[in-house]
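Undergrad: From the two separate chains plus the hints, produce the assembled complex.
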Amino acid sequence: MSLAVTDLTYAFGAKTALDHVSFSVGRGQFCALLGPNGAGKSTLFNLLTRLYTTRGGRIEIAGHDMGRAPRQALARMGVVFQSQTLDLDLTVLQNLRYFAALQGISGAEATRRCEAAMDRLDIADRAKQKARDLNGGHRRRLELARALLHDPAVLLLDEPTVGLDAAARAALTGHVHDLAADQGLTVLWATHLTDEVRPEDRLVILHQGRILADGIAGEIAGPRPLAQTFLSLTSPEAAA
Amino acid sequence: MTRPAPTPAPSADGAPPVAGLTARAWGIALSAIVRREAYRFWQQRARLLSALVRPLVWLLVFAAGFRAALGLSIIPPYQTYITYETYIIPGLCGMILLFNGMQSSLSLVYDREMGSMRLLLTAPLPRWWLLFAKLVAGTAISVIQAYAFLAVAAAFGITMPWYGYIFVLPALVVTGLMLGALGLALSSTVKQLENFAGVMNFVIFPCFFLSTALYPLWRMAESSRLLRDICAVNPFSHGVELIRFALYGQMNWAALGWTCLAFAVFGALAVWGYDPARGMVRRKG
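So the sequences go chain by chain: A and B. Under my numbering, the first residue of the first sequence is numbered 1, with each subsequent residue one higher. Under my numbering, the first residue of the second sequence is numbered 1, with each subsequent residue one higher.
So here's chain B without its partners, still in its complex pose (with noise of 0.2 Å):
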């Protein structure tokens, strides 16, 4: 425990600072972060089984069963009829991301309470540059899971052109970002990780099914129109149009503006909400 230290000593008051502060050690620690996030995410391999089931059962199940009782006229992005598994899966795709977009953040409470959050925030970088790289890790897991999602629907005959497997693959990442940024956000509220099923059932189910993923607006206008304005202000029902228009390979920029002007309010609420001023890691220890 005693050996002699193999390297020169540590160098005196003022010496130049390390790597830490050059632009290239910002890409070093984006790349360790998202690394260290698909390495965790590779031994728990099992979460991409539960990722993949969830909107498996709703699309194998619960859109069998509804086909018959919701007929969808021919909107936009869509030039015929289709069949609601078809009109679900962008919405599905979305479902993936916002839990992953949870479950990330909710690895962050368990971060800090498991105190390694100090470890990374305590690093020489800005800290929303930090929570930035956190925020890119969880995306990239939750743009993973999407695509095993349409692969697999491919596989039971539900397919999109395919030239729109690749225009999705932005739609799902500003998406992702996006739900990522409100988990973020959520997460500096949280204090405790028991709290946390709570405010996910309190943001994961109104996010949902107060969207465009399951029905469309108009659909939603026939039962309530209050409803339908819910829906429509709802930032996850953009993110779920952005994809469902660029499975078809078309841009729909209400839908990319709304989800990009949500992500900058998210965004800055969680670093509003990680800044050290107010204590982020008020607890005791």
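Bound conformation, chain A alone (with noise of 0.2 Å):
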């Protein structure tokens, strides 16, 4: 499995956020990480990243433990977070290869792939622009293409698509879909919205830091659209 997530269990004080959460995500597979605001996806993600770690439970990321390997782990793993990380006052290549050095790829190495990965989100022609004068879809482009530089086994994404018009939700939703499966990249997508979830997707529900569902998404869906079934999991009835 290239993400392998094994009884994961994390609390802020006496609140739980995530209680005894596994799955795993195989290589070449769209897991979809559906949840409602305060699930625990974004928990889930700083532990995944580990910009916070804990004692209950277990990550794997392309073979490698995040607890006793976590620089290897890391390494091997691109992410989007959901608020904008791009340092602003630096052109979309000083963004690029800035990151590049942090992965410890540097000079002709460096600008090869960073030019290749412009090219692949096509953004190269905004290579001098600074990031502040992106557009929202832009930013998110180059984002994508920096999560993707140093080859990644694995990519986590945390709502990405938040503030994007429909047009650059659609072409990004389509694009990671695209790795996925051209390229048999794992991805890990966490959204509140099912429209971004295609039938065949693996998907995961997360509810009040627990797995509601794991599977297909049209398996779980059913004979219903999956946003109804998604809202039916997640009420506060099916709570109760």
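Be aware that one or more of the hints could be misleading.
[What the hints assert, rightly or not] Just so you have them, the derived chain B footprint on chain A, three or more residues with Cβ under 8 Å:
# : stretch
1 : 45-52
2 : 71-85
3 : 89-101
[Said to hold, decoys possible] With beta-carbon atoms standing in for the labels, derived distance ranges:
# : chain 1 : residue 1 : chain 2 : residue 2 : range
4 : A       : SER235    : B       : TRP42     : 51 to 59 Å
5 : A       : VAL162    : B       : ALA254    : 52 to 60 Å
6 : A       : GLY222    : B       : ALA197    : 54 to 62 Å
7 : A       : THR9      : B       : ALA221    : 55 to 63 Å
[Said to hold, decoys possible] Some but not every residue of chain B turned toward chain A, in silico, with C-beta under 8 Å:
#  : residue
8  : THR22
9  : ARG24
10 : ALA25
11 : ILE28
12 : ALA29
13 : ALA32
14 : ARG40
15 : GLN43
16 : GLY115
17 : LEU119
18 : LEU120
19 : LEU121
20 : PRO124
21 : LEU125
22 : PRO276
Please keep in mind that the hints were generated in silico from the structure rather than gathered at the bench. Ideal placement from N, C-alpha and C gives every residue a C-beta, glycine not left out.
TA: Put into structure tokens, the structure is as follows:
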């Protein structure tokens, strides 16, 4: 498995944010992590990216245990955070080069990878533009280009379409689906928007820190639209 | 947006990790973090101006006014009577390092609020190294500002022996690292940008006034033994004394020892403060 989460538990004081969460995603799978606000998605992402650590449970990225070999695990991972993490005073190229350096890539190799990443996301013509001057869609593209720069095995995206218009949202969702299908990239895509999930996608529904459903989206949804199933699963009545 | 990727597909699970784990990668990351800080500093040239104006006001206004009021006896490293302006030069260098150390950590709180700290901390490098790189970057900027101040002071006729300008470099670096580490440790405890101004007031002013920056210890002892004792244990005093002696080509071993010790303590606190087990960015999002 490219991404395996086993019995993960995390609490903020007395409040349990994640309660014995387990799931795994295979190579080339697009897994949507669906959950309403406050479900624990961001906490899970903070644990997956080692911004938090916990002794409750285990995370494995491309075969590397996050607890025992965090640097190896992080090196195999690309992340697009929910909040934008670009340096707005740097140009597109400078942002990419800075990230490449943080991954230990420099010189001609960094140049080659930055150019390839910009080409891939169709932002090469904006290389010298400051990130501040990019629109929301292009900023997200840049962040995705950056997350793929070091050829990760696993790509994590935390609500990456927040603030994007419908066209940019569809383009980004489609592109990441293609990455999983064509290049064997393992994708974990956190969202609360059901229309970003395709019927053939792997789906994990997280609610109040627990996994409510884990399977293929079309099967979980059944004959109803996914949005309806999702609402009925996460409604207060269902919880009661 | 959906152009085919020109590079090979990402490697399979368990493939050899990228270069991020070699020793060379540590240097590449350090250099990138320093260059980013330098670039930002270059873009905010007003910062250099404000960093110079503050100590120059002290030097040209405050010191001129106090010159008559404060008599100074001959104390090491000085071998003759000196003017008050000459006395406070090391203290004002320390002031630059102190303000800049706090400003660097302020930018860390800003980075954390803006999310770019997440990017840094998810790099496949030891966290202590990433924090150290931030510290080195901030110190480099501080030292440049301190030299700019010494140059302006020299233009106003307040000069040191020529070799002092060389010897002072390591002293400025060590003191800059120590004060930067203090800022780093503080930044790990401050969760919001707006709270930082208060912290700065409670740190910068006591640090500066309760030190040997403006008055020698014996002067302070004349008014209060307690104040003198506080000044004597203040790590900032030791940093200032290290700079003072270095400006005259002399080594103050005690000051160096205390400054290094303070650096080690503040550095350890910063690493502890940013420990992921403590949920450094334990904020929503």
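Undergrad: Hints first: check each against the structure and report whether it holds.
TA: Cross-check of the supplied hints:
{"no.": "1", "hint": "45-52", "verdict": "holds (count 5)"}
{"no.": "2", "hint": "71-85", "verdict": "holds (count 12)"}
{"no.": "3", "hint": "89-101", "verdict": "holds (count 7)"}
{"no.": "4", "hint": "SER235(A) to TRP42(B): 51 to 59 Å", "verdict": "holds, 55 Å"}
{"no.": "5", "hint": "VAL162(A) to ALA254(B): 52 to 60 Å", "verdict": "holds, 56 Å"}
{"no.": "6", "hint": "GLY222(A) to ALA197(B): 54 to 62 Å", "verdict": "holds, 56 Å"}
{"no.": "7", "hint": "THR9(A) to ALA221(B): 55 to 63 Å", "verdict": "holds, 58 Å"}
{"no.": "8", "hint": "THR22", "verdict": "holds, 6 Å"}
{"no.": "9", "hint": "ARG24", "verdict": "holds, 7 Å"}
{"no.": "10", "hint": "ALA25", "verdict": "holds, 3 Å"}
{"no.": "11", "hint": "ILE28", "verdict": "holds, 5 Å"}
{"no.": "12", "hint": "ALA29", "verdict": "holds, 5 Å"}
{"no.": "13", "hint": "ALA32", "verdict": "holds, 3 Å"}
{"no.": "14", "hint": "ARG40", "verdict": "holds, 6 Å"}
{"no.": "15", "hint": "GLN43", "verdict": "holds, 6 Å"}
{"no.": "16", "hint": "GLY115", "verdict": "holds, 4 Å"}
{"no.": "17", "hint": "LEU119", "verdict": "holds, 5 Å"}
{"no.": "18", "hint": "LEU120", "verdict": "holds, 7 Å"}
{"no.": "19", "hint": "LEU121", "verdict": "holds, 6 Å"}
{"no.": "20", "hint": "PRO124", "verdict": "holds, 4 Å"}
{"no.": "21", "hint": "LEU125", "verdict": "holds, 7 Å"}
{"no.": "22", "hint": "PRO276", "verdict": "holds, 4 Å"}
Violated hints for the displayed structure: none, as all numbered hints are satisfied.
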